[in-house]
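Novice: Below, each chain spelled out in residue letters.
2 protein chains.
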Amino acid sequence: MDEQAHRPPSDSYVQSFARGLSVIRAFGPQRPRMTLTEVAAATGLTRAGARRILLTLVQLGYVEADERRFALTPRILELGYAYLSATPLWDLALPYMEEVAETTRESCSVSVLDGTDIVYILRLSTHKVMTINLAVGSRLPAWATSMGRVLLAGLPEPEQDRLLDASQIQAYTPSTLTDRTALKRALAEVRAQGYACVVQELEPGLQSVAVPIVDRSGRVTGAMNVSGHANRYSREQMLDAFLPPLRRAAGHINQALQRR
Amino acid sequence: MDEQAHRPPSDSYVQSFARGLSVIRAFGPQRPRMTLTEVAAATGLTRAGARRILLTLVQLGYVEADERRFALTPRILELGYAYLSATPLWDLALPYMEEVAETTRESCSVSVLDGTDIVYILRLSTHKVMTINLAVGSRLPAWATSMGRVLLAGLPEPEQDRLLDASQIQAYTPSTLTDRTALKRALAEVRAQGYACVVQELEPGLQSVAVPIVDRSGRVTGAMNVSGHANRYSREQMLDAFLPPLRRAAGHINQALQRR
Chain A
1 MDEQAHRPPS
11 DSYVQSFARG
21 LSVIRAFGPQ
31 RPRMTLTEVA
41 AATGLTRAGA
51 RRILLTLVQL
61 GYVEADERRF
71 ALTPRILELG
81 YAYLSATPLW
91 DLALPYMEEV
101 AETTRESCSV
111 SVLDGTDIVY
121 ILRLSTHKVM
131 TINLAVGSRL
141 PAWATSMGRV
151 LLAGLPEPEQ
161 DRLLDASQIQ
171 AYTPSTLTDR
181 TALKRALAEV
191 RAQGYACVVQ
201 ELEPGLQSVA
211 VPIVDRSGRV
221 TGAMNVSGHA
231 NRYSREQMLD
241 AFLPPLRRAA
251 GHINQALQRR
Chain B
261 MDEQAHRPPS
271 DSYVQSFARG
281 LSVIRAFGPQ
291 RPRMTLTEVA
301 AATGLTRAGA
311 RRILLTLVQL
321 GYVEADERRF
331 ALTPRILELG
341 YAYLSATPLW
351 DLALPYMEEV
361 AETTRESCSV
371 SVLDGTDIVY
381 ILRLSTHKVM
391 TINLAVGSRL
401 PAWATSMGRV
411 LLAGLPEPEQ
421 DRLLDASQIQ
431 AYTPSTLTDR
441 TALKRALAEV
451 RAQGYACVVQ
461 ELEPGLQSVA
471 VPIVDRSGRV
481 TGAMNVSGHA
491 NRYSREQMLD
501 AFLPPLRRAA
511 GHINQALQRR
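Top line first, the protein sequences correspond to chains A and B. Counting along the first sequence from 1, when you hit position 142 you're at 142 in my numbering, and nothing is skipped either side. Every position in the second sequence, counted from 1, becomes a number in my numbering once 260 is added.
Treat the hints as calculated values from the structure; they're not laboratory data. In this text, a Cβ means the ideal position worked out from N, Cα and C, and glycines have one as well. Take these hints with a grain of salt, some might be off.
What the hints assert, rightly or not - Rough simulated footprint, nothing fancy, chain B against chain A, three-plus residues with beta-carbon under 8 Å: (1) 16 to 30; (2) 64 to 74.
Unchecked claim - Some chain A residues close to chain B (C-beta under 10 Å, calculated; not the full set): (3) T87; (4) L155; (5) P174; (6) D240.
As the list claims (entries may be wrong) - Covered stretches of chain A (chain B as the covering partner; in silico rule of three or more C-beta atoms under 8 Å from a C-beta of chain B): (7) 137 to 147; (8) 160 to 168.
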């Protein structure tokens with residue numbers, strides 16, 4: 001075997017790849033099209049470095065350029081698609097989520113943990129009721145969300161503590177649980193009862209219930225929730241309305257994951 | 261300004277970035293987790309090269325490794341999210357698509373052109389009727405689909421010809437339009453009538469109607485369709501049922517794009 005195979009990648013190699021990806025990430029709703037100068041400012045790269053990466057991305061078909069400005073192309077989506085289509089949960093969950101969304105007439109989502117965040121991998125809504133627009137690939141802090149608490153509650157204690165230590169815990173609303181002891185107690189409750197319920201902790205008016213999705217090895221591999229507006233249901237009404245369809249759907253998904 | 265800024269990126273730089281992206285793309289439903297040897301085989305890289313890129317991706321949080329196998333992490337989704345959230349069409353279209361899906365009880369999608377392919381950027385379904393599972397980021401050949409024909413019909417003639425030349429035209433079903441002259445005539449019709457209707461050309465049983473989405477500059481920037489099963493509607497019934505809600509929704513989306 002080649003000698004080089006035993007060496008870890010050099011910093012410069014990792015860095016140049018990381019810079020390329022940081023240029024991709026710099027685009028977004030506030031910056032859909034950028035000049036070279038804007039890309040350099042957004043990424044902290046020199047103009048020369050930004051130019052080199054942009055031209056590379058253009059050559060690979062991930063970025064297009066008009067006279068002076070650069071924009072991402074839809075080819076970028078194939079990277080995320082590679083992840084989604086390789087995730088068994090992703091295609092298994094959809095039909096069961098449709099049932100949940102139709103039964104509850106609220107939006108139903110599935111997310112997974114990535115560091116201290118949850119990342120949405122599926123979202124279905126039958127009626128548009130919420131002002132927040134959450135899409136596949138969007139992220140929220142795990143500790144403050146129902147799906148995140150389900151995912152954190154499924155981790156071994158040391159890992160849970162490590163992630164809570166790394167989280168930026170702050171009061172998004174007057175109801176946000178910010179006390180570490182109270183959060184740990186909430187996670188123990190979630191683990192014991194098999195669901196998490198979060199009422200107006202992340203955003204006023206927003207509440208949700210989440211249940212775990214468990215893979216063949218018994219690991220909590222994802223979480224599924226239903227979210228709705230707090231003025232439509234009390235906490236108890238929400239649990240009555242959302243928990244049974246969520247548990248039924250999670251049961252089907254867990255069984256399907258076992259068979260994979 | 262730095263001398264280097266005037267030089268195009270070196271082949272080795274472009275190549276290493278391209279290889280990193282090819283490793284990401286190598287993962288998928290058939291290969292959700294791969295050993296080093298499998299990644300090398302799937303990408304045509306040497307083991308040493310594949311290892312270097314995998315360790316880079318692990319270091320950046322885009323790939324995780326258990327004992328011997330590598331898998332993508334959900335962090336990959338942030339790259340596609342950068343594109344989607346930077347695309348005005350993407351968040352504008354959703355509420356109008358919901359109306360179309362509810363009215364027709366069929367799935368409603370929006371896609372854009374990427375080379376000779378269409379790429380799905382939005383897909384909504386209220387009832388699961390189709391066996392094909394199309395998701396955001398998935399691709400289909402433009403020439404054989406209703407959305408693709410709307411997008412091709414919106415291009416200047418030379419560009420349209422260039423893309424048809426580059427397309428792999430083949431008979432997916434006995435109904436597939438494979439003759440170049442017939443295809444060109446179909447595109448001229450689509451342009452004249454303002455919609456495309458494709459019946460069982462890509463897959464037996466699948467039919468769809470698509471309309472153009474036009475940006476501020478008058479360019480066809482996307483296409484929206486409704487697809488359904490051919491045994492549920494004749495071609496005429498499908499046009500009667502799908503075209504009015506599609507045109508209404510496209511009208512709203514086009515107006516909203518004008519205001520951006």
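Novice: For each hint, tell me whether it holds in the structure or not.
Specialist: Hints versus structure:
1. Counting residues of the segment 16 to 30 of chain A whose beta carbon lies closer than 8 Å to any beta carbon of chain B gives 11, which meets the minimum of three for the stated coverage.
2. Only residues whose beta carbon comes within less than 8 Å of a beta carbon in chain B count, and the segment 64 to 74 of chain A has 4; three or more means the coverage holds.
3. This hint holds: T87(A) has a C-beta 7 Å from the nearest C-beta of chain B, less than the 10 Å allowed.
4. The beta carbon of L155(A) comes no nearer than 15 Å to any beta carbon in chain B, farther than 10 Å, and the hint placing it at the interface is violated.
5. Interface hint status for P174(A): violated, as the beta-carbon distance to the closest one in chain B is roughly 29 Å, over 10 Å.
6. Violation of the interface hint for D240(A) is found here, the shortest Cβ-Cβ separation to chain B being roughly 25 Å, above the 10 Å cut-off.
7. With a threshold of 8 Å between beta carbons, the proposed coverage of the segment 137 to 147 of chain A by chain B holds, since 3 of its residues qualify and at least three are required.
8. For the segment 160 to 168 of chain A, the proposed coverage by chain B is not satisfied: 0 residues have a C-beta within less than 8 Å of a C-beta in that chain, short of the threshold of three.
The structure fails hints 4, 5, 6 and 8 (numbered hints given earlier, in ascending order).
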